[in-house]
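Asks: So you can see what is in the structure, the chains are spelled out below.
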Amino acid sequence: MLGARTVGRQTPEADVTAFLQLLISGVSLGCIYALIALGFVLIYKATETVNFAQGELMMLGAFAGLALMEIAQLPFIVAAVLALAAMVALGVLLERVVIRPILGQPQFTVVMLTIGIGFVARGLMTMVPNYGSDTHALPVPYKGQIWNLGALVISVEQVVVIVVTVVLCALLYAMFSFSRVGIAMQAASQNQLAAYYMGIPVQRLNGLVWGLSAGVATIAGLLLAPFTFVHVNMGFIGLKAFPAAVVGGFGSLPGAIVGGLIIGVIEAMAGFYLPEGFKDIAAYVVVLVMLVIKPNGLFGGSTRKKV
Amino acid sequence: MRFLFKTDYDQDIRLVKHGGQAFWYGLLMVVLLIAPWGVGDYWMTQLSFILIYSIAGLGLMVLAGFTGLASLGHAAFLGVGAYTQAYLLSHGWPFVLALPAAAALAAMVGVVVGLPALRVKGIYLAIATLAFGFIVEEVMARWESVTGGNSGRSVPGVSIFGWEVGSGVGFYYVCLVVCTLATLGVLNLLRSGTGRAFIAIRDSEISAQSMGIPLARTKTLAFAISAALTGAAGALYAHKLAFISPDQFSALQSIELLLIVVVGGVGSVHGAFLGAIFLIALPQLIAVSKDFLPPVIGQASGLQALIYGAVLVGIVLFEPMGLYGRWLKMRTYLQLFPFYRRGMFKRQKAFAKSERVR
Chain A
548 MLGARTVGRQ
558 TPEADVTAFL
568 QLLISGVSLG
578 CIYALIALGF
588 VLIYKATETV
598 NFAQGELMML
608 GAFAGLALME
618 IAQLPFIVAA
628 VLALAAMVAL
638 GVLLERVVIR
648 PILGQPQFTV
658 VMLTIGIGFV
668 ARGLMTMVPN
678 YGSDTHALPV
688 PYKGQIWNLG
698 ALVISVEQVV
708 VIVVTVVLCA
718 LLYAMFSFSR
728 VGIAMQAASQ
738 NQLAAYYMGI
748 PVQRLNGLVW
758 GLSAGVATIA
768 GLLLAPFTFV
778 HVNMGFIGLK
788 AFPAAVVGGF
798 GSLPGAIVGG
808 LIIGVIEAMA
818 GFYLPEGFKD
828 IAAYVVVLVM
838 LVIKPNGLFG
848 GSTRKKV
Chain B
6 MRFLFKTDYD
16 QDIRLVKHGG
26 QAFWYGLLMV
36 VLLIAPWGVG
46 DYWMTQLSFI
56 LIYSIAGLGL
66 MVLAGFTGLA
76 SLGHAAFLGV
86 GAYTQAYLLS
96 HGWPFVLALP
106 AAAALAAMVG
116 VVVGLPALRV
126 KGIYLAIATL
136 AFGFIVEEVM
146 ARWESVTGGN
156 SGRSVPGVSI
166 FGWEVGSGVG
176 FYYVCLVVCT
186 LATLGVLNLL
196 RSGTGRAFIA
206 IRDSEISAQS
216 MGIPLARTKT
226 LAFAISAALT
236 GAAGALYAHK
246 LAFISPDQFS
256 ALQSIELLLI
266 VVVGGVGSVH
276 GAFLGAIFLI
286 ALPQLIAVSK
296 DFLPPVIGQA
306 SGLQALIYGA
316 VLVGIVLFEP
326 MGLYGRWLKM
336 RTYLQLFPFY
346 RRGMFKRQKA
356 FAKSERVR
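These protein sequences, in sequence, are chains A and B. The numbering used here numbers the first residue of the first sequence as 548 and each following residue consecutively. The numbering used here numbers the first residue of the second sequence as 6 and each following residue consecutively.
These are computed hints drawn from the structure, not numbers from a lab. We put the beta carbon where it would ideally sit given N, CA and C, even for glycine. Some hints could be false.
Here are the simulated BS3-like cross-link-like pairs (lysine-lysine), alpha carbons at most 27 Å apart as the crow flies [as the list claims (entries may be wrong)]:
id, chain 1, residue 1, chain 2, residue 2
1, B, K351, B, K22
2, B, K126, A, K592
3, B, K245, B, K11
4, A, K841, A, K592
5, A, K826, A, K841
6, A, K841, B, K334
Covered stretches of chain B (chain A as the covering partner; in silico rule of three or more C-beta atoms under 8 Å from a C-beta of chain A) [as the list claims (entries may be wrong)]:
id, region
7, 12 to 20
8, 108 to 116
9, 260 to 271
10, 311 to 319
Derived Cβ-Cβ restraints for the label pairs, each shown as a range [as the list claims (entries may be wrong)]:
id, chain 1, residue 1, chain 2, residue 2, range
11, A, Q737, B, L220, 26 to 32 Å
12, B, K22, A, M722, 55 to 61 Å
13, A, N677, B, G154, 35 to 41 Å
Next comes chain A alone, as it looks inside the complex (with noise of 0.2 Å):
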């Protein structure tokens, strides 16, 4: 994702537009980060586990979505809602079977667990026969449509990835708020015995909540494959959005979001404003000042621990 570099004049106006071209692509970055960091932190307000496989839960769905589109040659929308689907269950599948059995234990545990099933579907995937081993081009309707607003250059994708991640984030809002649901959900979340003693399924929950993080990594999955193209080390972008959740607030849905933009935004500025190299690591930098200065992130609230 590259901001737009001038050429030539040097104008004030050359710069702002630079600047907002550079916002822009910052801001439909940062909304891939904050799926991804949303997905981590719906499960770790739900379950207390960090899911190290948020990345490759995207890479998956990215795959799904690509195979029923070229395999079974459906539309887009139908292939993003089957694979939706298929990715949901494979989350509730997951929590079932590999993350209820070791409830209870430390955290470093739980964070090795997911490590090694990320590294499980990154080599299964590898293994499928000449097709996991290549970079593929997802065929989306508004694949390199752009908009011309004056000066700007803006491509669909962006817009796309903007407009999709603010409807999701609203339906969330609203599922969290107003259905039975999503209020049983925040409730097992914040205190898990006091939702058993209320009658609230919390296992059927918790596998709910693991379906849904899948269900938002899938659709980061096709958002994001315009721009990196779908392949197997797709998911390392998740590696940037875990400074994102950090950033945030790691037990905030909202705080997830601004802290996505907040990496995006400051990555793509990184990129064009400051020497080579800095790019990459301007999202861990962040982190590590964030870490220094509000150890619990901008919304996270200040915990204690009891002995």
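Fit chain B to the given chain A structure using the hints.
Replies: Just chain B now, kept in the frame of chain A:
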């Protein structure tokens, strides 16, 4: 079944607790010393790698296993040690000075990493170390005057007081000496007050604080010692590879180090060695078994990642105490012969204890 009748505090803290241990560990040392006469060059290389990864595993074990501070960016210390060694040696420093210097520099870097660590816990620490690992890797790639950038740099050979060590049997003995010193160091650390402070921090930070352990200083010390051990391993690693580049110290290498610790058994010194043996043996096993698998599976490039992941998932699900834990269970079974009960090592099933308290 061996009963140890202790009459003396010294017996509690002795390194070698009883005659059986003396015999077996003595035998191990003898076998390691005479190994070069029995095995070929290839296995000598593998043994050297096992020793190097054991030292690095010991470093991570001190941090993650004994102090409970997860670190996902430990390859950074490996890289710092490696590049320091390469740089110092190419500027004429002798090996016996360069190795401690590499360890010391890695320790200082560890302190730098540890400082933000004092304020954050659990997952935040893991992400901070991950971020730090990425930053160090990028710095190693960009700081071309010292590290040669992405094209890497070659490492001069080892020479100790005029003895040109070479990279075969001589280097194996150098690794063996360093590894033995590191192991003795860690064992002594664990039976000292500092080591017990580390374990106290792992078990409960607030309790440790109420017992008078200065949390900030002890955690920083843990980072420093861990980084020093890993830096020393990195220096030896640089010599072994003879040519180092930044992509050898990436996040994937950090995860391999974590694999050593988790598969070996978190919280035990034996675990570092068992994990290192596992890490080196696994690619060999995969290479051997490729002939027996159908080409679809055997020739795929993702097979190693798949096996690593499956082993990690399997260990966490079925044998959380790692390979050393499995050995403990087998040994207890044999020691207690007819009286071993199935649930002897079973963890009490806890509900998810929340790290945050509202």
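Asks: Quick one: which hint numbers does this structure break? Sort them smallest to largest.
Replies: The structure breaks hints 3, 6, 7, 8; every other hint is satisfied.
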